[in-house]
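Could you build all of it, start to finish, from the sequences and the hints given here?
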Amino acid sequence: MRHLMLTASAIVGLAGAAHAQDTAQQSTSGQDTQQGSADVNSSGQAGASSSPANEIVVTGYRQSIEASLNQKRNANAFVDVITAEDVGKFPDKNVADALQRVPGVTITRSGGEGQNVSIRGLSSDLTLTELNGNFLASATNGDPSRSFNYLMLPANLIASVEVFKSPEARLDEGGVGGVIIAHTRKPFDLDPWSGSVRVEGTYADVTKKVEPDVSGLLSWHNQDKTVGLLVGATYQVRTNRSLSSNTESWHWWSDSQTGQPATDINGNTYANDSAISYWGSGETTQDGTHYSGYWAPQSVDESIIEQKRKRLGIQATLQLRPTDNLTLTANYFRFQVNSDYVNRAIKVPEWGYGSGGKLFEGAQFDPSGTIMTGATFQVPPEGTGCRQVTDPTTDYPCTMETPAIQDTYTLQKTVSNTYDLHLDWTHDRLDVKAVVGKTEAKGGPSFTFFVQAKPRLVTGPGPAGNVNGNSLSQWTFTNQSVAMQFSPDLQDNLMNGISQVDLGSTGSGYTNSTVGQRYAQIDITRHFDGFIDSIQVGGKWRDSYINRETGEFDWYSDAANTLRYQDTPGAAVTSPDFFLSQPVGNIAGGFTTNIFPGFNMDNYLAYLNQTYNGPVRVPHPQDLYNIDEKIWAGYAQLNYHSSTVRGNLGVRVVNTKESGVSTDVIYYENDYCTNGPGGPFDPNVPVGADGNCLVLPQSQLEVRVYSPHQESKQYTNILPSFNIAWNISDRLLARGEVSKVMSRPGFGDLAGNRNLTFNSDAFVFDRGQFGALPGWFGGGGNFDLKPFLAWQYDIGLEWYFHRGSVLGATLFRKDVSDFIVPIVQDLPTVVDGQTVTVQQYSTSANGSSAVSEGVELYAQHTLDFGLGAQVNFTYNHTSVADVSLNGQKIGSSPLVGSAKTQLNASVFYEHGPVLLRASYNRRGSVVEGLQSGLNIYQDPYSQVDLNASYDIFKNMQLTASVINLTKSEQREHLGNDTDLRFISNSYSGRRFYVGLSYKF
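Sequential numbering from 1 applies to the sequence shown in the numbering used here.
For the record, the hints were derived by calculation from the structure and aren't laboratory data.
Quick reminder that beta carbons are idealized off the backbone N, C-alpha and C, glycines included.
The reader is advised that the hints may include incorrect statements.
As the list claims (entries may be wrong) - Calculated cross-link-like contacts (lysine to aspartate or glutamate; reagent style EDC-like; alpha-carbon spacing at most 20 Å):
#, residue 1, residue 2
1, K900, D939
2, K209, E113
3, K208, E306
4, K438, D523
5, K442, E130
6, K900, D832
7, K967, E130
8, K657, E629
9, K413, E113
Unchecked claim - Computed Cβ-Cβ distance ranges for the label pairs, DEER-style:
#, residue 1, residue 2, range
10, L946, V836, 48 to 58 Å
11, P488, G369, 41 to 51 Å
12, A363, G383, 17 to 27 Å
Shown next, in the form of structure tokens:
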């Protein structure tokens, strides 16, 4: 499919170039537009396009891409545009999916849908997305983020999207990668009583369900266009099912850090050895074979996320024109996503080795011998090895603790409301535009519950008191994925009651965020005759606020609600109906396993509700997180044009003040089990009816310390910009730009709060068999992060050789300072006045200066009989820069989010009532943050999508699509020397759409 599409694209391009030598038709000249983009009328055609009588009149998809190309050509800056074919007909199912067709744009997906957008290889947090020129608040998973969640934006309400790769002073700052502005429709732009209705069904191979998607839009205005109203809505139900495998926390397992330091597969040691996470020892198998000096993960997991996503989008727009030169536009947008889900996971963690390697049977390694690629854990025959007992009244034979069966149940909703009022006033040569508005998003998991069980039954000493429900656990990295194998009778044993809940790995909580912004803006434009076309000045005020609330839900076994069920004797006892009666099936990708058991979360939660008091909502009011960000910006921009040259020159000055309060939360895990006669390290602890130790009350086993702190900082940035476009001839256009851009640290880093846990030796003695390790663990923000700054330079050449056709190239460079890198590594930090080492500390750090440079190549052409193609390729090279935290170098990294290559190719045929389109998208490896001193990399990813439509009659259309025809999977690995340090693999399915749309 890939080669077919590329070959067809090349044929169309060459044919178009040859045809251009003979044709006398002229494409629209960029001289006709003085500022920004060309005007687009209600039909979607560029207002500057006037076709001779003998030209072919185009409609539908071809019309939309020609209108987009006209806007690109007429723009003063480096801009790409996507235009809807018609009312309610965006070219892709999702705005992010459509944006990935733009040169230099990559996306990340959630459940197979585009969620976040990156431009020219930079992180999605460095892309500023706006709705009608203003910030649109969104809150994903309860965590505030600057990166816009495109899952919330219904494509049918969008008229066009502009992608600014070079800034203008009049545009909001905040996008080092670029600025994306989505424009909605207005009633004065459409015919009165016009609109559309669409009904669609979707089916996915991972869910085997057919689900609805309906939308509609209605627009009206009176004959004099003094009042108009537009309403639109979309409602969608979709089950997303992602099949994933992943590893947790890669370490270098070695008996001696100095005698056997960490190496790559070529035997080279690391310059940043202090950033490598060392496990502290190797491992020995049952037969005495000892392994030391290799990379291995702390846990290997497989998971299935089943999410019920309900999406609602509403737009209401009122336009008034009280006088000929004054227009008022009021908008209301509501975007709501309900995304309840169950995450089912089976895990083989490091504690599956058994104490002293009692269950560890053997391992597989890569050819270099430095990466463990598989491991087998086996219960020895009864009466041998660790199943041998001397005294059945006191000895405890070993049990297989894996797979750990861990399920998470989450109820989640995000609602974004936006209100704004726009004023447009013109008088002679003066234009005044003003807007006031507010956007606010609330959401996150309102209820999350997780529970873990072990497939064994421990009720006392001797073999009869230590029964295994699983005797084999095996994992292998295969083809950048995971294959697991367990005992064939695992499911039957669960149904026979051979299991216990690990109460220490069971809990609940909620995290709800509010992200909002109030804003006001004024823009004044004075037009002139001559070389200076216009001068623009303006200012903008933004007041952002972020609030996060956390807490937990508890079930209690006493009337006073003081004893949690996890601390109650006998609470670990399971019942067969706590689990699914059959293993999870329909595993269409992502991993393989012979058995995938899971909890029946409805039954288990019903049991808790009937047996205990709860769930009781327990807020954490001491955990404060309230951040404010106030921004004042002003700009001046001069727009110029002559017969052949046009562009703009401007400067934007912006002051940012951030302040607020956040809270360090420190958990001291002091103990777990009621002590035996000999104290906290006596193994003879009292046990309950379920065979587990008697758990101490929470007030004795854990102490929580809340430490709030105030923070504030302020900085001012001066951001000049210069754009120039030169019409070398009627067909040939050259562009150039130089500018300074900035992006602020993410909302999650505006506060320096930390979440830390200290595991005492007594706690680890009791919980070591379940993976507890001694010392400090956790993560936090980094309030000292500096804003991301860059000087950028672009130069491009565009040849418009035929109507609706282009061949172009752009060279780009960004000189970056203070870029931001997420890290996970052992890190010294100060806690309560003492310096301690926090293991696998997760935070963000600033990198030093770096360079991102590359080239974009693109082409578009349609033959007269309807066959056309769009092709673009981006190459991006980023330098490696030092990364520092607290003034100390901790490693080096390329720019996070950068992808070296990206290729998009779309071939379409449109003739009469038929449209057929095939799209191929491939992006190269993407750099991510640091883990254990090494970068994580997303593997190259490619996908083919198919779209088709047929006009049944004039205003009725049948549509069909296949998304991810190639059943592609998303993979990650650790380090740049090999892809064998497996991080993750995810498959979200191949999805099919069939629908009807009606325009009136």
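Hint-by-hint comparison with the structure:
no., hint, in the structure
1, K900 to D939, "holds, 11 Å"
2, K209 to E113, "holds, 17 Å"
3, K208 to E306, "holds, 12 Å"
4, K438 to D523, "holds, 18 Å"
5, K442 to E130, "holds, 18 Å"
6, K900 to D832, "violated, 44 Å"
7, K967 to E130, "violated, 32 Å"
8, K657 to E629, "holds, 6 Å"
9, K413 to E113, "holds, 18 Å"
10, L946 to V836: 48 to 58 Å, "holds, 56 Å"
11, P488 to G369: 41 to 51 Å, "violated, 32 Å"
12, A363 to G383: 17 to 27 Å, "holds, 26 Å"
In this structure, the earlier hints numbered 6, 7 and 11 are contradicted, and the remaining ones agree with it.
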